[in-house]
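Throw the hints in and build the complete structure from the sequences for me.
Order-wise, the sequence lines are chains A and B.
Each residue of the first sequence is one higher than the one before, counting from 1 in the working numbering.
Each residue of the second sequence is one higher than the one before, counting from 1001 in the working numbering.
Simulated from the structure, these hints should not be mistaken for lab results.
The structure presented is a predicted model; accordingly, all values stated were derived computationally and were not measured.
By construction, the Cβ of each residue, glycine as well, lies at the ideal position given by its N, Cα and C atoms.
The hints are all genuine.
Ranges of calculated distance between the beta carbons of each label pair, as one might list FRET restraints:
{"no.": "1", "chain 1": "B", "residue 1": "Thr1070", "chain 2": "A", "residue 2": "Ala150", "range": "55 to 61 Å"}
{"no.": "2", "chain 1": "A", "residue 1": "Arg157", "chain 2": "B", "residue 2": "Gly1200", "range": "34 to 40 Å"}
{"no.": "3", "chain 1": "B", "residue 1": "Glu1207", "chain 2": "A", "residue 2": "Glu333", "range": "35 to 41 Å"}
{"no.": "4", "chain 1": "B", "residue 1": "Met1045", "chain 2": "A", "residue 2": "Gly151", "range": "40 to 46 Å"}
{"no.": "5", "chain 1": "A", "residue 1": "Ile39", "chain 2": "B", "residue 2": "Phe1226", "range": "30 to 36 Å"}
{"no.": "6", "chain 1": "A", "residue 1": "Pro340", "chain 2": "B", "residue 2": "Phe1226", "range": "50 to 56 Å"}
{"no.": "7", "chain 1": "A", "residue 1": "Arg157", "chain 2": "B", "residue 2": "Gly1145", "range": "32 to 38 Å"}
{"no.": "8", "chain 1": "B", "residue 1": "Ile1293", "chain 2": "A", "residue 2": "Val108", "range": "56 to 62 Å"}
{"no.": "9", "chain 1": "A", "residue 1": "Pro339", "chain 2": "B", "residue 2": "Phe1226", "range": "49 to 55 Å"}
{"no.": "10", "chain 1": "A", "residue 1": "Ala150", "chain 2": "B", "residue 2": "Asn1073", "range": "54 to 60 Å"}
{"no.": "11", "chain 1": "A", "residue 1": "Ala150", "chain 2": "B", "residue 2": "Ala1038", "range": "31 to 37 Å"}
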Amino acid sequence: MTERVPFAPPPSGEEMPRAHQPSVETLLRVEHVVKHFPIKRGIIFKRQIGSVQAVEDVNLEVHRGETLGLVGETGCGKSTLARCITRLHPLTSGRVVFDGVDISRLSVRRMRPYRRRMQMIFQDPYGSLNPRRRVGSIIGDPLAIHGVAAGPERKRRVQELMETVGLNPEHYNRFPSEFSGGQRQRIGVARALALRPTLIVCDEPVSALDVSVQAQIINLLEDLQGEFGLTYVFIAHDLAVVEHVSDRVAVMYLGKVVELAATAELFSSPRHPYTAALLSASMVADPEKARASHRVVLYGDVPSPINPPTGCRFHTRCPKAQSICSAEEPPLEVKPGDPPGHLTACHFPVQRGETLVGATPEFHQAAAGFVAGAPGTGAEGGG
Amino acid sequence: MSLAPFETTTGRPEETSLEAVEAAQAIEGRSPFRLALARLRTDRMAMVALGMIVLMALLAILAPVVSALTGHNPYNPDLVNGTNSFGQPYGPGQAGFILGSDNVGRDVLVRIAYGARISLLVGILATLIATIGGTILGLVSGYFGGWIDAVLARLMDTVLSFPYVLLAIVLAAVFSASLPLTIGVIAFFSWAAIGRIVRGQTLSQKEKEYVEAARSIGAGSFRIMFVDILPNLIAPVIVLGTLLVPTAIVFEATLDYLGVGVGPPTPTWGNMLADAQGSAGFGAWWFWIFPSIALLITTLGFNLLGDSVRDALDPRTERIFAMRRKVMATAGGPGGSAPADSDPLSGEPAP
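The following block contains the structure:
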């Protein structure tokens, strides 16, 4: 497991507090969250002609003090889910319970105290900082909005925050354009930290950065977690990053959670075929191991979330798909032989030691009666 | 997990670094506007335009001085001193009238100076009202969307397609023509142009991630509109506002000329032109040419300044400036016309 981590391995004997979680207390609960974006047509009389089903019936629990990783391909609904949690998108249905309170229907005014406790770090360090405002006022914004500190006190707090995240406090009066990508992301981290939140939703906080800078930001986030007792929902599509930071990992595919397990468990024995394919596609730093590893190649593209497949949403690309998969949606449940907390939504979970063979278009043609993938993808050669 | 500390920290002990902060307030970010101002200062055209505007502004401010120096009153007809023994007006330079006198014996220069006051007042005040109103309504329209946007956007379209001279004539007929009414009419017909631009900019800005970030920290709509979005669209507003001033000045002159603006006893350029129309027959060219020149200098000044401000505020024009500098450098460089050692485009050595 450790050889996949490109970051400096932790000194042995000294682990993050996550390793010995004393009590499992639920901080955030996501219950049956659904988010559809309507597709409208017409200039004056807009009528809905369909909807993008970005997030479909997602259930998650985030424990206090842990890091929950959220992985999946582009467009699988990770970021939408994050924005549903922080109420940047209104939910279509479902509930988001934060510290025992359902925040999914609160008014803007009643939501404000919860905004203090729940912050977000954004993916794009360029777009998420207002280019026309000075760094000091960007970081001080949360303090100003919530009336926490004003005047010289606010400035002092902001400069403390800048030191905490490793920025030079003397750069208080600079503009975001005068910083590098990594420094900008530190500004975003400082802004999220300003109100001492309990939960920080990190929406791909490092995917726009250089690898070396990624490591700095991740180390910073981990240090801050230890220092302030933060809980993270950490979204990424880089598996190595997720494995490094997360206590538990949820895998999403086309708006649904397909597998959820403790990090080591998920990475060592994935049960959902999609997870297995995803893991086999991640880079291994050791060429010997890379040559020996088995690559599961998926054919075709992710189906459109406007018109998702019936039953299991993965069945159009799944190497193990059978007729039941297109008819019946598998529940997210503990499979026989798995520890409690390892949930899989699959009719035919991957067995330990089983070698998955990438399903060719011909396979699907035979199995389901249609071609799932575009011709030419077979050139990649699937083991 | 204690991984190696990241490199970019200042690395100094806390007390000294906070102390240093107090001392080093000088590390000030260069704001986009300071950069624009620096660019504007190197623009020769902008400086010429500014000179023209300052000239007219000085004339307006010093109008009473001009009046006192010449001893001529801008309002009262003076047929005894202002016309010759045949009752005809003096030409430029005659009898102490530098720009001549009009057909009731008033000094054209003094009237132009007082007219500059009205023109600049109307131009700047109407533009200010229109810009502020247009910005607020455009922001509200673009930010909230929905039926608010539908109503406001249609309102802008209506105002922009309205025959403004007709409305001004009707208003002047209903109410008595006055300075506040003129300013109001001009502002009313000018805000929609600003509003439309601001609305469009707001529509694009509100989709940016920094707006989402502001919402996630609990900022309200008002704060997002005026603290977060507004600074990002202030550049086009400034440019458009600068270009709106000459339009407003010409608008005011037009209304005066038609007799529906500021009433006739007041010296304005439009009134002077209207007076000149009846007198053009007996060759008194100075009646109309000097007010026209004043109008031209003012509007040209603001238009050129507006163009320069646009160039200075738009960062993409930095490249144009750089190119211009490069062209000038190569043209005036050693060796004159021939390219030096290499062709800058291909990088190949010259034969």
